[in-house]
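Peer 1: Quick mapping for you: the protein sequence lines, in order, are chains P and Y. First residue of the first sequence: 0, per numbering that gives the first Met the number 0; consecutive thereafter. First residue of the second sequence: 0, per numbering that gives the first Met the number 0; consecutive thereafter.
Everything labelled a hint here was simulated from the structure, so no lab data went into it. These numbers were taken from a predicted model, which means no experiment stands behind them. It is possible that some hints are incorrect.
As the list claims (entries may be wrong) - Between beta-carbon pairs, the in silico distance windows are:
no.	chain 1	residue 1	chain 2	residue 2	range
1	P	I277	Y	N227	47 to 57 Å
2	Y	K232	P	K27	32 to 42 Å
3	Y	S1	P	K124	37 to 47 Å
4	P	I277	Y	K166	41 to 51 Å
5	P	K27	Y	K166	38 to 48 Å
6	Y	K166	P	L157	24 to 34 Å
7	P	R44	Y	D253	37 to 47 Å
8	P	Q126	Y	K209	27 to 37 Å
9	P	K27	Y	L338	52 to 62 Å
10	P	R44	Y	E69	25 to 35 Å
11	P	K27	Y	S1	18 to 28 Å
12	P	Q126	Y	E277	37 to 47 Å
13	Y	G158	P	Q126	29 to 39 Å
To be verified - Lysine-lysine pairs mimicking DSS-like chemistry, simulated, CA-CA at most 25 Å apart:
no.	chain 1	residue 1	chain 2	residue 2
14	Y	K6	P	K38
15	P	K131	Y	K166
16	P	K291	P	K131
17	P	K131	Y	K313
Note that beta-carbon positions come from the ideal geometry of N, C-alpha and C, so glycine has one too.
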Amino acid sequence: MDMDMSKNMERVMKDKQEGLEEWSTIIKPKTSVWNLYIKEIWAYRDLLILFVKRDIITVYKQTVLGPIWFFVQPILTTLVYIFVFGGIAGISTGGIPKPLFYLSGIILWNYFADCFTLTSDTFIKNQNIFGKVYFPRLILPLSIVVSGLIKLAIQFTLFIAFYVYYYFQSGIAPNYSAILILPYLLLLMAGLGLGFGLIFSSLTTKYRDLKFLIVFGVQLFMYATPIIYPMSSIGVTAKEILFYNPLTHIIEAFKYGFIGEGEFNGLGLVYSGVVTFIVLTSGILLFNRTEKSFMDTV
Amino acid sequence: MSKVVLKIENLSKRYRLGEVGSGTISHDLNRFWAKLRGKEDPLSQVGQVNDRTAESISDYVWALKDINFELREGEILGVIGKNGAGKSTLLKLISKITSPTTGSIKAKGRIASLLEVGTGMHPEMTARENIYLNGAILGMTKSEIKKKFDEIIEFAGVGLYVDTPVKRFSSGMRVRLGFAVAAFLEPEILIVDEVLAVGDIEFQKKAIGKMKDVSSNSGRTVLFVSHNMSSIKTLCDSGLVMSNGTVSFKGDIDSSIQYYLGNSKNLNSFKSYENLDEKPGSKDVDLLEYKLIDKEGEVIDSFNLYEEVSVQMKFHIKKLNGKIYPNIHVLDKYENYFLVDTIPENEIPKETGIFISTFKFPKYIFNTGEYSIGLAVTSFPGSIVHFFENPAIIFNVTEDDLSLRIGPSTGMLPGVTRMQLQTKTLKI
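Could you put the whole structure together from the sequences, leaning on the hints where they help?
Peer 2: Shown next as structure tokens:
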């Protein structure tokens with residue numbers, strides 16, 4: 000009898016200890032939006048890589064041209080721009096050879112636009128997966144940014160090919176020191192695209208109207224960015240307004256570095272950095288908040 | 000005793016009904032305003048259960064309400080319940096797909112959920128690529144998948160088609176591939192929703208065998224939802240029956256299934272308290288189970304008046320105090336007493352333990368219509384009522400075969416009983 004008693008006591012004690020033991024997962028209604036679970040994202044890094052791989056290899060599967068499509072799209076767009084904006088509208092390219100001017104703008108703009116529009120679709124497009132399995136939701140937008148970057152790198156070789164040609168042909172004077180900040184520029188573009196995309200992806204789960212806004216909003220926004228015209232060709236008031244577009248300084252700095260034309264605005268780049276930080280932070284926080292309950296509203 | 004690996008406490012989930020979008024902003028503002036003043040959420044209705052047959056008073060409905068249970072290491076729990084009982088919501092909360100409204104889920108170790116087979120598989124990619132992608136989505140690292148790759152291929156039986164795009168696969172092959180990946184997951188807790196419903200019988204058996212293997216060998220805890228009672232029975236050791244968003248029963252798998260089958264037909268003629276903490280009763284006697292059964296012992300809630308039925312009452316005498324009389328009270332649909340009965344002196348229990356009392360009703364004792372039965376255990380001296388469940392059983396009496404009737408009438412006959420009297424008609 001005594002034996003049993005002490006055994007029972009032991010078990011009760013043990014159970015109690017187990018109660019105090021660390022739980023590895025605790026799911027609660029409200030966890031802080033500040034919890035970014037970076038550790039968890041790191042644990043899922045293989046998934047991120049596989050998503051990137053999926054995005055890259057499945058885009059042009061069963062097409063005749065395959066990966067060549069990565070080049071066809073910017074080349075054709077450049078041709079159209081040369082014809083419409085350069086030819087018919089007669090907008091100056093600020094002394095830069097037209098193909099180089101439009102191509103650089105298009106490639107960079109496309110990266111931003113892809114990051115933005117594709118991430119803004121995250122919740123709606125992936126609701127099937129999200130409804131069936133859990134992984135840190137941020138993995139998907141991050142994978143979009145990374146696969147966009149790979150696409151950018153591929154298209155950049157096209158730019159380099161043109162660049163080398165014109166370098167010897169018309170003697171471009173690059174500012175090599177400005178080229179060094181290319182990683183910073185890319186970081187800003189990715190951050191802005193991702194940040195805006197996250198904000199809109201969170202909002203579209205509730206208010207679908209925004210989806211339509213995004214489609215033409217991005218198109219319109221391009222005209223508020225010096226893509227088809229150089230900063231040097233516009234008036235003072237317009238310049239002042241464009242200053243507040245964080246993308247302006249990124250595009251201009253890129254052209255200044257590689258082609259030697261364009262306005263390198265140090266203050267502007269700092270401003271862009273600050274805006275990127277704010278947009279990205281609020282995007283992540285909003286996304287974090289939405290991912291916990293979007294399955295109920297989507 | 001193995002340790003608790005999953006603990007669910009006061010878990011509730013509230014959903015909004017109807018079209019989300021119209022008036023959402025006003026609701027949001029309304030709520031925000033209440034929150035700002037520190038008032039209770041004006042849109043949450045307290046204490047309403049999720050009954051889809053009744054119209055809800057509020058725009059919100061509790062899909063889950065105050066769920067509490069624990070799972071121990073190596074336990075395989077089968078979750079059963081009707082459609083809309085909250086099973087899927089429960090699984091979604093545990094697998095972090097959506098977050099709870101109140102309460103908490105605590106777990107030790109990795110949780111992997113298999114709510115669908117082959118989630119995220121891309122038809123354009125090859126089987127090899129998809130195994131890696133699907134495995135990673137389920138939470139495996141690349142090296143883990145690499146280690147098990149050959150086994151996965153073998154289990155799925157797609158060895159010849161490793162480098163074929165999955166879109167060329169038959170649906171059965173896709174399912175096998177998806178399940179094979181999941182089967183080699185090594186989480187401490189595995190959540191499985193009716194994924195086995197797809198695939199052929201042979202594969203289902205293989206899959207169940209694999210799941211069982213894994214849980215008994217490596218102590219994996221499994222939470223399994225299915226409508227297929229036979230697979231639940233082969234796979235699970237314990238069961239959880241849900242209805243209207245609450246746990247209505249928890250116990251070993253056999254009694255859970257029995258309870259569910261009893262209730263799923265909407266029977267009001269069976270109830271088991273055996274595995275519930277709260278039983279009707281006193282410190283001396285508890286009610287464990289009651290049922291209305293036909294001649295074969297099947298639980299029924301409707302029968303023909305020319306059939307024999309019985310009421311069985313199972314009770315637990317914990318302490319013998321005087322003479323114990325189980326008794327039944329039959330009422331007609333107007334709640335008029337139809338009869339009261341108890342057991343004779345020689346059947347009265349003389350020791351503690353679990354007893355079953357059977358009350359058999361002869362044919363023709365009831366007329367057509369609804370009746371109810373109350374069940375009680377009373378002890379004497381003192382006329383102490385240990386419990387009195389009234390009405391416990393509700394049943395309906397019919398008369399399908401009119402040819403068995405005596406006399407020419409084919410309409411409804413009045414009266415509370417159709418007892419056939421002994422007749423004798425002689426010529427004098």
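Peer 1: Indicate, hint by hint, whether the structure satisfies it.
Peer 2: Now for the hints, and whether the structure bears them out:
1. Take I277/P and N227/Y: their Cβ atoms lie about 53 Å apart, and the range 47 to 57 Å holds.
2. Distance hint check for K232/Y and K27/P: the Cβ-Cβ separation is about 34 Å, which falls inside the suggested range of 32 to 42 Å.
3. A hinted range of 37 to 47 Å holds for the C-beta pair S1/Y and K124/P, which are about 42 Å apart.
4. For the pair I277/P and K166/Y, the supplied restraint of 41 to 51 Å holds, since their beta-carbon distance comes to about 44 Å.
5. Between K27/P and K166/Y the Cβ separation comes to about 41 Å, which falls inside the hinted range of 38 to 48 Å.
6. Hint check: K166/Y to L157/P, Cβ distance near 31 Å, so the stated range 24 to 34 Å holds.
7. Between R44/P and D253/Y the beta carbon distance is about 46 Å. The supplied range of 37 to 47 Å therefore holds.
8. Q126/P and K209/Y have their C-beta atoms about 30 Å apart, which keeps the hinted 27 to 37 Å range intact.
9. Between K27/P and L338/Y the C-beta distance comes to about 55 Å, which sits within the given range of 52 to 62 Å.
10. At roughly 34 Å, the beta-carbon separation of R44/P and E69/Y lies within the given 25 to 35 Å, and the hint holds.
11. At about 25 Å, the CB distance of K27/P to S1/Y agrees with the hint of 18 to 28 Å.
12. Between Q126/P and E277/Y the CB atoms are about 41 Å apart, so this pair conforms to the stated range of 37 to 47 Å.
13. The given range of 29 to 39 Å is respected by G158/Y and Q126/P, whose C-beta atoms sit roughly 34 Å from each other.
14. Note on K6/Y and K38/P: the hinted pairing holds, with a Cα-Cα distance of about 24 Å set against a maximum of 25 Å.
15. As the CA atoms of K131/P and K166/Y are separated by approximately 21 Å, the hinted pair is consistent with the 25 Å bound.
16. Annotation: proposed proximity of K291/P to K131/P holds, straight-line Cα distance about 14 Å (limit 25 Å).
17. Between K131/P and K313/Y, the direct Cα distance comes to roughly 43 Å. Violation of the 25 Å bound is thereby established for this hinted pair.
In terms of the numbered hints stated before, the structure departs from hint 17 and from no other.
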